[in-house]
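If you want the building blocks of each chain, they are given just below.
There are 2 protein chains.
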Amino acid sequence: MNDKPTLYTSLSPALIHLYDLQDTVVVIIDVFRATSTIAAALHNGAGSVIPVDSVSEAIKISKEVGGIAAGERDGKLAEGLSHGNSPMEYKREFIEDKVLVLTTTNGTRLLHMALELGADDIVTGSFPNLSSVCNYLLQQKKNTVLACAGWKDKFNLEDTLFAGAVINRIKDHFSIHCDSSFMAEYMYTHNKADLLSFAKNLTHYHRLVNRFGYIDDIAFCLEEDSADVLPLYKDGHLVAG
Amino acid sequence: MNDKPTLYTSLSPALIHLYDLQDTVVVIIDVFRATSTIAAALHNGAGSVIPVDSVSEAIKISKEVGGIAAGERDGKLAEGLSHGNSPMEYKREFIEDKVLVLTTTNGTRLLHMALELGADDIVTGSFPNLSSVCNYLLQQKKNTVLACAGWKDKFNLEDTLFAGAVINRIKDHFSIHCDSSFMAEYMYTHNKADLLSFAKNLTHYHRLVNRFGYIDDIAFCLEEDSADVLPLYKDGHLVAG
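Chains as they are written, first to last, in the numbering used here: chain H, 1 to 241; chain Z, 1 to 241.
Here chain H stands alone, though its shape is the one from the complex (with noise of 0.2 angstroms):
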């Protein structure tokens, strides 16, 4: 059916200008940890979350609007704020009705990318609010590029499966003639059965586990639905959609 919307998959940040998107839902995809971290913190209560590029705008914006301080830089705490970007930092006893100003090396860098490439519908999307994410999806019916946010703009595959999650889910709602999105959802459906061991394989997987220690970051980024909520761009802000 040729009226079906069009759906790519964007597999690094130096990839995005490629697509076109105008009038088009961006999902901005960066497992490990920043979107994922984004679903628990709205789904604890958060009232929004503000992505920003810099460190010092983290710094900067937090203190105006009275908000936290956090993210990471090369996977991890910044210097000069207060939390990391860690999914089990923000638990509803602490992230309740509270404002995340948040800041990290690829997926905060690649949302706003994507807002200077005119995309005007912008959400982002885990493992932990995949359901969320698609059910918006194919209310929206529009034109979609699923946008990994990789690793300083190199291809990481754990952004690439949850892109092949979401295409495995809705695809048939969907006019897809993409290589990426296929690879995707080839390597999803391959391994969907037990993503936390096929996880070991991955560059980030050593990164975060062998340097930092964060398994139980790994094992909540990798659990479907286990945060499902809609971040939604508006303003400047992630609110709950």
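Be aware that a few hints might be false.
Pairs involving identical chains hold if they fit within one copy or between any two copies, as the list cannot separate such chains.
[Stated by the list, open to error] The calculated DSS-like cross-link candidates involving lysine-lysine, where the alpha carbons are at most 27 angstroms apart (straight line), are:
(1) K4 x K141
(2) K171 x K192
(3) K63 x K141
(4) K4 x K152
(5) K200 x K4
(6) K142 x K60
(7) K141 x K234
(8) K76 x K91
(9) K141 x K171
If you are wondering where the hints come from, they were derived from the structure by calculation, not from laboratory data.
Using the hints, position chain Z against chain H.
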């Protein structure tokens, strides 16, 4: 073992700048069809292949060297050129001892990008010359980048599958920490038993077969070691190494 050379896979020309190409073997991969055609021409006795960026340059240089101006734009014969980008055009009776001046949408452009990034050990790879490429990499024992040409900077799966085939054969001799390489080998090993059937899933297959009817080209381009020569880049020419 830490003294093994590294191996990375670059999934698109738009990502090649992320890799250090100094003192590195760079394998240019454009399976459909530039690097398969280069292998065919050299295997059938062409004196050399001169990769050039533009149609006008192909015409100019072919006149200077008395060579054959060949190539494609968007998968079809480019205007002003006498021959296209099909490996089937370069049988021995036609190409032996001739110089082929070739311009293509993706592969020849990527080769020049690698040169600009400082690469000084460049070969071209395709299924028809898989063994020669692997043997060269094993012999050189240098850091290696498998550089996929993709399609207009977008990821494509056929170049990735070839990268996977190389990795599958030589991985024990390299230090590989790269999600692109892991994914490439995964896709190859799971589909190598019948690449021609699997290729029906690829966007480029549809472009070449459904639009132009190049099924023989596709079959040739996916057949391992059918034109097993090593195209080595030296002083502007690709020559049989």
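Structure-based check of all given hints:
no.: 1; hint: K4 x K141; in the structure: within (8 angstroms within a copy, 50 angstroms between copies)
no.: 2; hint: K171 x K192; in the structure: both (17 angstroms within a copy, 25 angstroms between copies)
no.: 3; hint: K63 x K141; in the structure: neither (39 angstroms within a copy, 54 angstroms between copies)
no.: 4; hint: K4 x K152; in the structure: between (33 angstroms within a copy, 24 angstroms between copies)
no.: 5; hint: K200 x K4; in the structure: between (37 angstroms within a copy, 21 angstroms between copies)
no.: 6; hint: K142 x K60; in the structure: neither (36 angstroms within a copy, 47 angstroms between copies)
no.: 7; hint: K141 x K234; in the structure: within (19 angstroms within a copy, 52 angstroms between copies)
no.: 8; hint: K76 x K91; in the structure: within (19 angstroms within a copy, 57 angstroms between copies)
no.: 9; hint: K141 x K171; in the structure: within (12 angstroms within a copy, 44 angstroms between copies)
Hints 3 and 6, counting from the list given before, are not met by this structure.
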